[in-house]
Amino acid sequence: MTALFAFDPASLMTLALLVWIFSGIACGLLAGAARLSSLISGAGSMLACAAVMIAAVQMLNGSAPAILTLPALPYHASFSPVNALLLLAMSVTAFFSSLYACAWLANARPHQRARTGLSGNLLLAALTAAAISANAVELILMMEIAALCAYFLIVQADDVKSRRAGQNQFLSGRIGTLCLILAFALLHHASGSLDFEVLRHTTFTPGTKSLAFLLALAGFGLYAGIIPLHAWVPQSHSSAPAHIAALFSSALMKIGIIGIVKIGLDLLGAPPLWWGLLVLLLAMLTAFIGGLYALMEHDIRRLLAYHSLENVGIILLGIGGAMVGVALHQPLLASLALLAGLFHLFNHGLFKTALFLGAGEIEMQTGIKDMEKLGGIARVMPWTAVAMLIALMSMAALPPLNGFASEWLLYQSLFQLSASQVFIARLLGPLLAVGLALTGALALMCIAKVFGVTFSGAPRSQAAAEATPAPRAMTISSVLLALLCVISGVASPWIIPYFAAVAASVLNQPVLQAAGHGAAFSTTSAVSVPMIAILLLGMPLLPWIIAMVLRGSRLPDRSRGDAWACGYGHSAEMVVTATGFAQPLRVMFAPLYRLRQQMTPAPLVAALHRSGLGTFCRRLALIELAVLLVVAFA
Amino acid sequence: MNTSFLLADPLWPLALLQAMALLALAPLFAGFSRVMRARMHNRQGPGVLQEYRDIAKLLTRQSVAPAAAGVAFRSMPYLLTGGLLAIATALPVVTLASPIGAAGDLIAVIYLFAIVRFVFAIAGLDTGSTFTGIGASREAVLGVLVEPILLLGLWIAALIAGSTSLGAIAARVLHWPLSSSLTLVLAGLACAFATYIEMGKLPFDMAEAEQELQEGPLTEYSGAALGVLKIGISLKQLVVLQLFLGLFFPFGLAEQLTPLALLTAALLCLVKLLIALFLVALIENSVARLRFLKTSRTTWAGFGLAFLALVSWLVAG
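Going down the list, the sequences are from chains B and D.
Using my numbering, the first residue of the first sequence is number 32, and each one after it goes up by one.
Using my numbering, the first residue of the second sequence is number -2, and each one after it goes up by one.
Note that these hints are calculated values from the structure, not bench results.
A couple of the hints might just be wrong.
[Stated by the list, open to error] Estimated spans, in silico, between C-beta atoms of each pair:
| no. | chain 1 | residue 1 | chain 2 | residue 2 | range |
| --- | --- | --- | --- | --- | --- |
| 1 | D | 259 | B | 363 | 31 to 39 Å |
| 2 | D | 312 | B | 363 | 25 to 33 Å |
| 3 | D | 54 | B | 504 | 50 to 58 Å |
| 4 | D | 17 | B | 621 | 43 to 51 Å |
| 5 | B | 583 | D | 17 | 18 to 26 Å |
| 6 | D | 276 | B | 600 | 42 to 50 Å |
| 7 | D | 256 | B | 539 | 49 to 57 Å |
| 8 | D | 159 | B | 190 | 56 to 64 Å |
| 9 | B | 549 | D | 295 | 37 to 45 Å |
[Claimed, not checked] Heads up, incomplete: computed chain B residues facing chain D, CB under 8 Å, no partners named:
| no. | residue |
| --- | --- |
| 10 | 363 |
| 11 | 430 |
| 12 | 435 |
| 13 | 578 |
| 14 | 615 |
Just so you know, even glycine gets a beta-carbon here, dropped at the ideal spot from N, CA and C.
Just need the whole structure built from these sequences, with the hints factored in.
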């Protein structure tokens, strides 16, 4: 038994969990004192995140996976590199979300503060505990607690939209849990144990394996938001407070993804080919439809939520590629694809959190979520604009940012998939690459829309014109995350080896050499992100110098008056809106957009959203959360 | 595989030189296109050097912008030109291998083009003008339509070469694999189609359509900014064309770095560009603009070509 206050992962994790729980409770009790309670909750959470970060780095550097009981808590923890990676991805983003929360909670109503502070910290504690769980009972219990906390965070605005969002999330979460319970019950029936360590070394019959895999894929897929299991995602990201929405994307959905890695690559032994192909197809569907639907959204947070789906798809492309690689006995493909997926998982957390926090800042200063009514925000909130621009560019995988670094690796693994000897892989590889490129082009259009309509041009409403910069803590949190995006992109050749080590530990293979000499490479090509960064920074100087040399007697640049409108008077209504910007694609992809209406079963939706059920869900959630918390502490 | 060769000996001076040479030549080729257009209209037209004179004049004039325009609008001409110069350093222009191996990867190049498109689009949205906004929207939509064609075409060529680096593809096409002839021809045709769209010539000059959109995102530019932008747009046409020519017509590119080989390659490169521009001018002056919302029907043809390349690659192996 390790000591409680030592500097090893187990003690640090215990410390983090306790700090989260107690600071959350303290925030709930002291909700009347605005500054004190928000400081306790936010700073406590930051402290806990820092502890988890240190623990995760120690685990990444450490060797074999270890199972031990956390000191002072009756909890079995498994410390493996992939768990550590998940912890790192969650705690880095949660750290900045907590910094943002300090300022947000101080400006919230007392009731809201108590609820957000308590459930937010509890959510983080549960997710962290789920990330290091050593058996299925713990995993499911903690995921369930996290999902219930998320429910209470979603429904707090108490309007029709958030009630509906909460109900969707509540039902999805319960179905997801049910699928997971069935999956692990099946495995328990076959092996007699629920410990991951035992399951890992048990051989199952193919039938059991496949059934358990499908059930677990559905269960984890509901948490991760794989399309068509994504019903809870868009609206819940819009209804919860911004920093909590960031956590949904960067932590809650990631638990689902890592769950798929665990079940598909780790616990059940070598996956058959069709598992990988199934994951690849679902991944492509999720990425493409997510990107396509994002384009039509006006609510900036719903739009970002759809992009989270797109990124979940991109991450799963890597994971599916790894499963296919294992099934086809192509270790290089498997390592590269898993490396790309895990690296993108980490990067997505960084840029998506920056985006949600930035969107939250705008919402707080203007009270507007609809970007049609914004415009010209870059003038009043320049730092937020810069942070959002960088994060948006990362999201569209533009070099030299981190999204590009991970997507490049993914393209390379798809290239290896295409070059495989198996027909289905040769067929799917190029098509998936085209799908990814198409998704990238849609994302590019979408970020141009978000940045152009929200931050540039003239303000479209009084509130947007009168906005002021957000509190400093908020701005700093999003700017620092944007900075991390730049660093993790430009310095990717030095970061990739760590992810390669994690991928190798999941696959039980030697570490893939995928970076060196300042470049990332696969067996087929290489790219040096730092070099591209230098080129992109240096090259614009050349035309600038030419313009300066030929300056002559030119007058200084001038900005005034309205835009030209063919001689008519300019009016604000003439300017292209977000809807108008995306209109051509609505026409060109009309059948795919109609799909949404056609595939939604209207009678079912109407039945689900009757008011009686909402109240029932709410009471049920409260009772369930109370019971589960008692179970967890016992 | 030992990939250090991609980084060990980057030909920095050559990379920068070829980028600068393309920048310097861009207005000349734009002027050549103008002359071709005038001749096909049975007009006399201004001389080949007219573009240089226009740009020199614009660069000494004041830039005027609407009040709503911000940093994105101001910096776009430089960022656009700079992004294209970054691509130009990585292309096989006179050498068979890309002078900067570690940037000369086809995925990297496609995403660098995406940056160029992005700055173009947000500058269009930054002015608060109707025409620039619609131009920005059209530019982004064209990206969605073209990217799959370009990527699939290049991907198939890369599969035949066994590598996604530009140099490897060029080298493979140079030593033409007879068994994959049909595949390469189809992939080349698909890429030619995509290249033509990317050059922004009729019938695909959607974003800058003069009559409907008053030159789209360019509408509000004036003076020095417009001058730089004019260089940038003619550079874009040259870079896109050279990417295609470098990959699918690498004949005559220098394999060894001898002065004679480099000189021949440089001359051949100019000749190839002139011939290609002549063909482009022939098409451009014999068609009318497409209706924008119907463009997707035409681009399906390009994707069809790329898909046929995929099928023939699957069959031929």
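Results of checking the hints against the structure:
For residue 259 of chain D and residue 363 of chain B, the hinted distance range of 31 to 39 Å is satisfied, since their beta carbons lie about 37 Å from each other. In this structure, residue 312 of chain D and residue 363 of chain B meet the distance hint of 25 to 33 Å, their C-beta atoms being roughly 26 Å apart. A beta carbon spacing of about 51 Å between residue 54 of chain D and residue 504 of chain B agrees with the range 50 to 58 Å that was offered as a hint. Distance hint for residue 17 of chain D and residue 621 of chain B: a CB-CB separation of about 46 Å, consistent with the stated range 43 to 51 Å.
At about 22 Å, the beta-carbon gap between residue 583 of chain B and residue 17 of chain D stays in the expected band of 18 to 26 Å. The hinted range of 42 to 50 Å is satisfied by residue 276 of chain D and residue 600 of chain B, whose Cβ atoms lie roughly 45 Å apart. A hinted range of 49 to 57 Å for the beta carbons of residue 256 of chain D and residue 539 of chain B is consistent with their spacing of about 54 Å. Take residue 159 of chain D and residue 190 of chain B: their Cβ atoms lie about 58 Å apart, and the range 56 to 64 Å holds.
Between residue 549 of chain B and residue 295 of chain D the beta carbons are some 43 Å apart, a value that agrees with the proposed interval 37 to 45 Å. Interface restraint check: residue 363 of chain B against chain D, minimum CB-CB distance 10 Å, threshold 8 Å, status violated. Interface hint status for residue 430 of chain B: upheld, as the beta-carbon distance to the closest one in chain D is roughly 5 Å, under 8 Å. The criterion of a C-beta within 8 Å of any C-beta in chain D is met by residue 435 of chain B, whose closest approach is roughly 6 Å, and the hint holds.
Of the supplied interface hints, the one on residue 578 of chain B holds, with its beta-carbon coming within about 5 Å of a beta-carbon of chain D, less than 8 Å. The criterion of a C-beta within 8 Å of any C-beta in chain D is met by residue 615 of chain B, whose closest approach is roughly 5 Å, and the hint holds.
Checked against the numbered hints given earlier, this structure breaks only hint 10.
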